[in-house]
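Protein chains: 2
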Amino acid sequence: MSGNNDQQLFLGIDGGGSKCKAIIVVQNAVSQEIEILGTGISGPSNPFHGYEQAINSIVESAELALKDADLNNVKLNELIAGVGLAGVNLPVIFDQMSAWQHPFKHMFLATDLLIACLGAHQGKDGAVMITGTGSCGYSYVDGCEFMIGGHGFPHGDKGSGAWFGLQAAKQVLMSVDGLVAPSIMNNVLLTKLGCDNEIALVEAIAGKPAHYYAKLANLVFDAAEQGDEVARRIVEEGAEYINCVARTLWNKQPSRMSMIGGLTSRLKPWLNKDIQSRLSEPLISPELGSVMYARQQLALL
Amino acid sequence: MSGNNDQQLFLGIDGGGSKCKAIIVVQNAVSQEIEILGTGISGPSNPFHGYEQAINSIVESAELALKDADLNNVKLNELIAGVGLAGVNLPVIFDQMSAWQHPFKHMFLATDLLIACLGAHQGKDGAVMITGTGSCGYSYVDGCEFMIGGHGFPHGDKGSGAWFGLQAAKQVLMSVDGLVAPSIMNNVLLTKLGCDNEIALVEAIAGKPAHYYAKLANLVFDAAEQGDEVARRIVEEGAEYINCVARTLWNKQPSRMSMIGGLTSRLKPWLNKDIQSRLSEPLISPELGSVMYARQQLALL
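Which chain is which? The protein sequence lines are A and B, in order. With the numbering used here, letter number 41 in the first sequence gets 41, and the count goes up by one each step, no holes. With the numbering used here, letter number 196 in the second sequence gets 1196, and the count goes up by one each step, no holes.
Chain A extracted, bound-state conformation (with noise of 0.2 Å):
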């Protein structure tokens, strides 16, 4: 199969601090309906943390479900991309991709949140919050954008995989130091980073990334839901922000609410029972939200 004039082909990506996804879709130029043709997965592609890495991680992305989709003969510059990206709420950050010399035949660029929303409530008003290596909150409803938290690591995204990470290594230092209750993540933190004591942990974190610190919060809700108690207090104050980040979406009074992103099985059954209760499952992936996002912008030109 190869991208010809009835049967445009559309890239969709969903891209985030830890990793990169992507979807190839065909449009039906008679029904308009859109057909799965494959999925990519790369690494990191938050352009806040690395231009370079986030670029490289888009083409890979793509690449790789152009490969999974058998369409080995299909060039990127026949794509029309929706590109939803962490870290392009910042103005600087999204001019900076929006001068990307991109391979594709288009791209449509917009915030992760803004497709998820999209992806979420399959266009239709709404409200998402992502919890994966970063934290956000964001709601779309009647025109109106609003943004909450996702202010980046380390010095925000509260309940994040990054947050919940970096609260485990501070804890494990401070309680090796003997400051604090030791915890049963202390073994399964030095183990998981390959490190026999104290001085190596330290050498093991200096400098590291959110990503890197994202993988580590698995650890504290194992820790958590074996009662440790450590572990267990750092979870129930990364759940009561998210807890706020909800209530503060809620009062936009968007009609529907999800909650995505790598972190949200571990992170929702720990949210107040009334916040879970009022989530709704996303209908269709933040990726094919890029691609709803391309099609609706496709529209205007």
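Errors might be hidden in some of the hints.
Stated by the list, open to error - Okay, derived cross-link-like pairs now, DSS-like style, lysine-lysine, Cα gap no bigger than 30 Å in a straight line: (1) A:Lys215 / B:Lys1170; (2) B:Lys1170 / A:Lys170; (3) B:Lys1208 / A:Lys19; (4) A:Lys215 / B:Lys1273; (5) B:Lys1170 / B:Lys1019; (6) A:Lys105 / A:Lys170; (7) A:Lys273 / B:Lys1019.
Hint data in this document are derived by calculation from the structure and do not stem from the laboratory. Please read these numbers as outputs of a predicted model, since none were measured by experiment.
Assemble the complex: chain A is given as a structure, and chain B must be docked to it using the hints.
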């Protein structure tokens, strides 16, 4: 004046996260007395945060000290240098700095903790707490070194300038989102960083190192001293950590304890009264402690 055989010149370096202090002293061959000839200050010199910057700062501060001493004809290779640096408590960083093809006649490398302790107690046993850009506790009693904290930014160094600055940035961002009470720090921080809104603030602080955040520490203390509740809680949390460090160090039974570093004058009044009352003024400066260390090590050669 120039260095000659009967008047050996010594360079003492105290290098931390925000600045590098150098002192040039001469030792009289007959009396063994030392006389301070000049001093110099340059930029960040913690090799943990950047090796090139650290060695550049060391050389620059040494040249400034020579100039201050009117020793324009003296070359760096005539100086015997005692170099105390933050970060070299990590073996990998110590090894990297030891391998430096330094420009001095001899270089004796030590942690900033050791040279601060040597200086504070003029070579006798004792303990020090350093609260500057970073934070750390150290004792040297009966030939045994003990270190607590000092794990680096952002995962450690609680109660340090960088930690206070980061807490301020976090609180301001959370309050702009309406999730915590606003504080008089908000406008002060935005003004200090030249930002007129939250997005500009997020762009300004993105990826910034410890010494950037350390410059924000004073505004937290200013606000706390003006009765700001949010700032007061931050200061009390940081102070309580330093109280715990002090108690842990007293358990090692040092004969004296001193508190040093750029944040000392702001933080000390917030410590528990019993901790404050047991602190002794440092007898000589860390950079003179570096000279003392170099002279000790030279005697062992």
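What are the numbers of the hints the structure violates, in ascending order? Numbers 4, 6, 7, in rising order.
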